[in-house]
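Following the hints, position chains D, R and S with the ligands against chain X.
Protein chains in written order, with this note's numbering: chain X, 1 to 333; chain D, 334 to 666; chain R, 667 to 994; chain S, 995 to 1322.
Among the hints, erroneous ones may be present.
[Said to hold, decoys possible] Below, simulated DSS-like cross-link-like pairs (lysine-lysine); rule was C-alpha separation at most 27 angstroms, straight line: (1) S:LYS1183 with R:LYS902; (2) X:LYS194 with X:LYS174; (3) X:LYS39 with S:LYS1252; (4) D:LYS645 with D:LYS585; (5) S:LYS1183 with X:LYS47; (6) S:LYS1230 with S:LYS1058.
[To be verified] Some chain X residues close to chain D (C-beta under 7 angstroms, calculated; not the full set): (7) ASN96; (8) LYS100; (9) LEU103; (10) GLY124; (11) ALA127; (12) ALA135; (13) TYR138; (14) SER274; (15) GLU278; (16) PRO297.
The set of hints was computed from the structure by calculation and includes no laboratory data.
A virtual CB, placed ideally from N, CA and C, is assigned to each residue, including glycine.
Spelled out, the chains give:
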Amino acid sequence: MRELMYRDALREALDEEMARDPTVFIIGEGIAERGGSYKVTEGLLAKYGPGRVRDTPIAEAGMIGVGVGAAIAGARPVVEILYVDFAMLGMDMIVNQAAKFRLMTGGEGRVPFIMRTQGGTGGGVAAQHSQSLEALFYHIPGLRVVMPSTPADAKGLLKHALRQDDPVMFLEHKHLYMTKGMVPDGEHIVEFGKGDIKRAGSDVTVIAWSNMVPRTLVVAEDLAAEGISVEVIDPRTLVPLDRAMILNSVAKTRRCVIVQEANRRGGVASDISSIIMEEGFWHLDAPVEIVAGLDIPIPFNLALEQASVPQKPGIKAAIRRALHLEPAALAAE
Amino acid sequence: MRELMYRDALREALDEEMARDPTVFIIGEGIAERGGSYKVTEGLLAKYGPGRVRDTPIAEAGMIGVGVGAAIAGARPVVEILYVDFAMLGMDMIVNQAAKFRLMTGGEGRVPFIMRTQGGTGGGVAAQHSQSLEALFYHIPGLRVVMPSTPADAKGLLKHALRQDDPVMFLEHKHLYMTKGMVPDGEHIVEFGKGDIKRAGSDVTVIAWSNMVPRTLVVAEDLAAEGISVEVIDPRTLVPLDRAMILNSVAKTRRCVIVQEANRRGGVASDISSIIMEEGFWHLDAPVEIVAGLDIPIPFNLALEQASVPQKPGIKAAIRRALHLEPAALAAE
Amino acid sequence: MGEPNAVANAPSREILEKIFRTAYKIRVFETEGIKLYRQGLIRGYFHPYLGQEGIATGVCAALKDGDYIASTHRGHGHCIAWGADIKKMVAELLQKETGYCKGYGGSMHIADIKTGNLGANGIVGAGIPLGVGAALANQIRGSDAVTVTFTSDGASNNGTFMESLNLAAIWDLKFILVVENNQYAVSTKIEESTRETDLYKRGLAIGVESHQVDGNDPLAVYRMTQAAAETCRKGKGPVLIEAVTYRHMGHHVNDPGKYMPEEKLAHYKSRDPVDRARADLKDMTGITDSEISAMETEIAAEFAAAVEFSVASPEVSAESFAAFAANY
Amino acid sequence: MGEPNAVANAPSREILEKIFRTAYKIRVFETEGIKLYRQGLIRGYFHPYLGQEGIATGVCAALKDGDYIASTHRGHGHCIAWGADIKKMVAELLQKETGYCKGYGGSMHIADIKTGNLGANGIVGAGIPLGVGAALANQIRGSDAVTVTFTSDGASNNGTFMESLNLAAIWDLKFILVVENNQYAVSTKIEESTRETDLYKRGLAIGVESHQVDGNDPLAVYRMTQAAAETCRKGKGPVLIEAVTYRHMGHHVNDPGKYMPEEKLAHYKSRDPVDRARADLKDMTGITDSEISAMETEIAAEFAAAVEFSVASPEVSAESFAAFAANY
Ligand SMILES: Cc1ncc(C[n+]2csc(CCOP(=O)(O)OP(=O)(O)O)c2C)c(N)n1
Ligand SMILES: Cc1ncc(C[n+]2csc(CCOP(=O)(O)OP(=O)(O)O)c2C)c(N)n1
Ligand SMILES: [Mg+2]
Ligand SMILES: [Mg+2]
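Isolated chain X, as found in the complex (with noise of 0.2 angstroms):
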């Protein structure tokens, strides 16, 4: 195990798979001489040559759509978008083109397309650069939606990725770059579907993915102090999703809260109280609650931006009133 930055972890994994595999190559907006905005593919371009590394003119859909068709094509394509918000540029060859590509062939075409980007917002970037996008891709079948929160995961996630033949939107955020953590040594791969537990707990279970995680076990940490043991899920993929893990946590804490830093109206957290709902009503000693963005967008001015989205003290008052609630408010309807 080594302590490693979260860009450099992703870093490793390009290379490694890049060494492993003649066909991976990466495109993107300043990735090649600059090494990226986030220095992700610092040195890839020494190392790897021109042909595999290459800055592209700012073309979005082009680059999404060229990355598709290199993927179908045979080739492993990680094509680099600066902002998540960018690949609203490029939704046509996602959802009508990558997305759909396997069943119109009737299995026999395959996708291996992966879009590398960011999102989230961090420190005053605006509306336009700080989106929390990852509901648009979780809705449309067909695609993996992958959001690391440490840098073991967003290593072994990415490497997996690009051993796997279908499409993938692999969604890191502009915060988590600089944080680190343990990355074990030698081949390291983290499957898609499976969740990972980075708190264990009893008496509740928490629900985050990408920068909720460090900010819920902060949390979580708190509450350890009064007494209150809680469980904090990542899914780390969210699609697919890890649903039994969910379930079984939810029918041993009888509680549950989700947390995520996209607007609450039709974002992902929905979709996973709805399937908490539906399989898991019965264990339920409390409604499942969302703490999640505000339905607007980002605005510029600093303490806006953070009333926009999750902090602390709202994540840990949810958890404290999923607790809080007895059997006697159901007496009381």
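Same frame as chain X, but now just chains D, R and S with the ligands:
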């Protein structure tokens, strides 16, 4: 009251509003000379001239963007997109411009932009022409999402859309254009955010929209013969959503089924379920069930197409399940 | 998939025969397919390639095994010219599991990855970035394969056209963009969609070698594609070919095409690409009418056999679909 | 917003003075703004317009009240040239409720709809369809207003560029597309992004009147824009103006711009557009150095007052934001 087809009701709304407001105009592929693929705009070119009824090249991103710009500059554009699937080409303009402009300008800028389009399955038009994509728009703060199921609602909602100041995703259904219904004479406006109880009932609440409404009403009729009283709620606008109507009905019936044509994962039904979870949990005698499309693109083969979206037997079975769950099930857990 | 032929003035009999056979096969497929449609055997979309046969035919005859193509919503002709199995095409249109896509895809989505056919597409213009992507994949793996994307006048006004072609240009990809300018997008005339109807000029504006050719002359298309493929294989980057043509009927089986002026239609019909291919074959090889008749009969029989095969094929299996869907 | 001036060879003193004042005002705004950024008073993105002042200045001087502009991520200069209130601009950058967008927008989103400023934009290229849309709205309401979209070399490779301009062309809209070719997109050189670096040729390819101009010569830009606006108002449709220029520093406040070759930077700095405006004013009007100094002092004082105003402005109100959000 007169009986009208859905498509004629839409045309009446456009006609009346174009006569009333000279800044209303329509652009789209084949909507002028040819009157549109579903004949909604037939005759409007002759009446309002080529300035206000224009054919466009195949340029969805451009059309949507130009519509958003015209709206910002004070006109009232109606942009017709042939299939909602093609709106993916204009997602940047919808998500990053139309939906955000009001916030980004501190509330001063408004975007009275209407995108009229249609979705849903319809007889073998396959994966790229059959989607129900309302969930993507539903999640984006700032958009209004309208899905009329009857000619009267279609007319009234489109007229209201043309008199309010926010961007509207006006989503029609290819199967509804030729359906008929009574439409009030004279000025008929349906405000956003007001659901409609398409059928009153007391045993179970079923929420459905667009083409799932007529299908659900048939099921409700069948069940009435068996002595089961189904309340069918059509929210008509998904954003804003008539939460009060839904929660009141659920408080009354204590059981709820949500029917959506879109695929299950991350659909609007999930969000409605999560709202009932948070605000109606203590009223429920059974988990809220969702009847939805499979999580796949729509196949070309007709039998498979039908197997991919909710049909009457599936809706009926879900309603029965919701009703047959006895308090005993709670004890049995 | 043609032979690896150098540019030549007099094409071989083999090529001439291949061109005629292909053009005629497309003609039969579309003509008979429309009948099946009218009988209710085919559902959904069906955009006939009638009148444009010269383009797919000429282009594909100039390509090699290992090359790639990407197609449009009007894709039957490209597929046939690429050498597709007519049985599997008809079965697909008849929604059978024996079809190219198990009946899951349909007319607008026939593809055959194994042979480098990236497929038809229901999104106008989408084949362009996909084709550029295949060309990029081939460059990265050091292949000298050329990728052709067939596209349309309508697509030329969509952003994806210039954006993708520009990527092919800066990366010197082995990519040929064939713009089938049939002068309409559904009922909208090209003059209403753009001020500059010479579409090849768009390529010039971003430094791409670009040409215009008579799309109703299969041999001219063949020769131009040969030259373009050579340019590509030399590493000089993409070439754009605008092939001017006209449909023989409306946009879709059900479109009467009333907006197409009679004289113009008559003009183009008098320059029919299938007739032209037949005439070229006769003039340049001295082949007899009865030999040609024999070919035509054979092709018609192949289609009839494909229909028989498809009709006899079992319906799709709900179980295998459920299994497929479960892990999509 | 300039006066309704006909094309003329010798601009009036008023115009010359306006051009100089505007260019200088932008120079001060950016130079002093960068200092505020380094002091931590401004957060988020800040893309300086230093070196490109001649373009916004020349273009806006040729426009009229009632016209429209749409801008880019590098938008301060356009805003100032359009006559924006410096106080409200600085307040916006300082996240104050007294700013143009209540502090909700920030540098990349300053807009002022009332005056026809459709706003800066964080999405490269997005201002093009928005501007075409405004021009369409104006055509429909019978206004003779011209809309200018400022855009960039980077945007020219994005699909939206050709797609939107084509719509303006087929509808003969009163639309001017000003492409500020500063030869970089962040650190990517234009030569790496396209084979054809003369960007005006893209307009020609779709039948749009298109020109290239020296973007560091404010008067040349002014004259070309005047002519273009006249073409537009005559109903002849859109005009594309490519204005070639160079940044005086990196892409963003925090970009050292090491990739910009020193000689090239020196060359462009020696052709500084603010100096040029000052020289033009002096040469063509005989104004004295002390008069110019007085103007400069006045402009600097205006900026200082704006900072004072902004710093003293109250923080945004959480309550009013909550109310706003509740019905978004
Ligand atoms: C992006 C997109 N927009 C609209 C359509 C609907 N549509 C299908 S074919 C067609 C006309 C296409 O014209 P053109 O591109 O010239 O091809 P042609 O039909 O003439 O071969 C249209 C508008 C579509 N399939 N995709
Ligand atoms: C669609 C989109 N892609 C990428 C970016 C990130 N980005 C911001 S500015 C910029 C470079 C822009 O270069 P250019 O368009 O030439 O404008 P300039 O900065 O030179 O004024 C990039 C890539 C963006 N804002 N929008
Ligand atoms: Mg056409
Ligand atoms: Mg630039």
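So, going through the hints one by one against the coordinates:
1. S:LYS1183 with R:LYS902: holds, 21 angstroms
2. X:LYS194 with X:LYS174: Cα-Cα ~24 angstroms, so holds.
3. X:LYS39 with S:LYS1252: holds, 16 angstroms
4. D:LYS645 with D:LYS585: holds, 24 angstroms
5. S:LYS1183 with X:LYS47: holds, 22 angstroms
6. S:LYS1230 with S:LYS1058: Status holds; Cα separation ~18 angstroms.
7. ASN96: holds, 5 angstroms
8. LYS100: holds, 4 angstroms
9. LEU103: holds, 4 angstroms
10. GLY124: violated, 13 angstroms
11. ALA127: At about 5 angstroms, which falls below the 7 angstroms cut-off, the nearest Cβ of chain D leaves the hint on ALA127 (chain X) intact, so it holds.
12. ALA135: Hint holds; ALA135 (chain X) Cβ to chain D Cβ min 5 angstroms, cut 7 angstroms.
13. TYR138: Holds, about 4 angstroms.
14. SER274: Holds, about 4 angstroms.
15. GLU278: With a closest approach of 5 angstroms, the GLU278 (chain X) hint holds.
16. PRO297: holds, 4 angstroms
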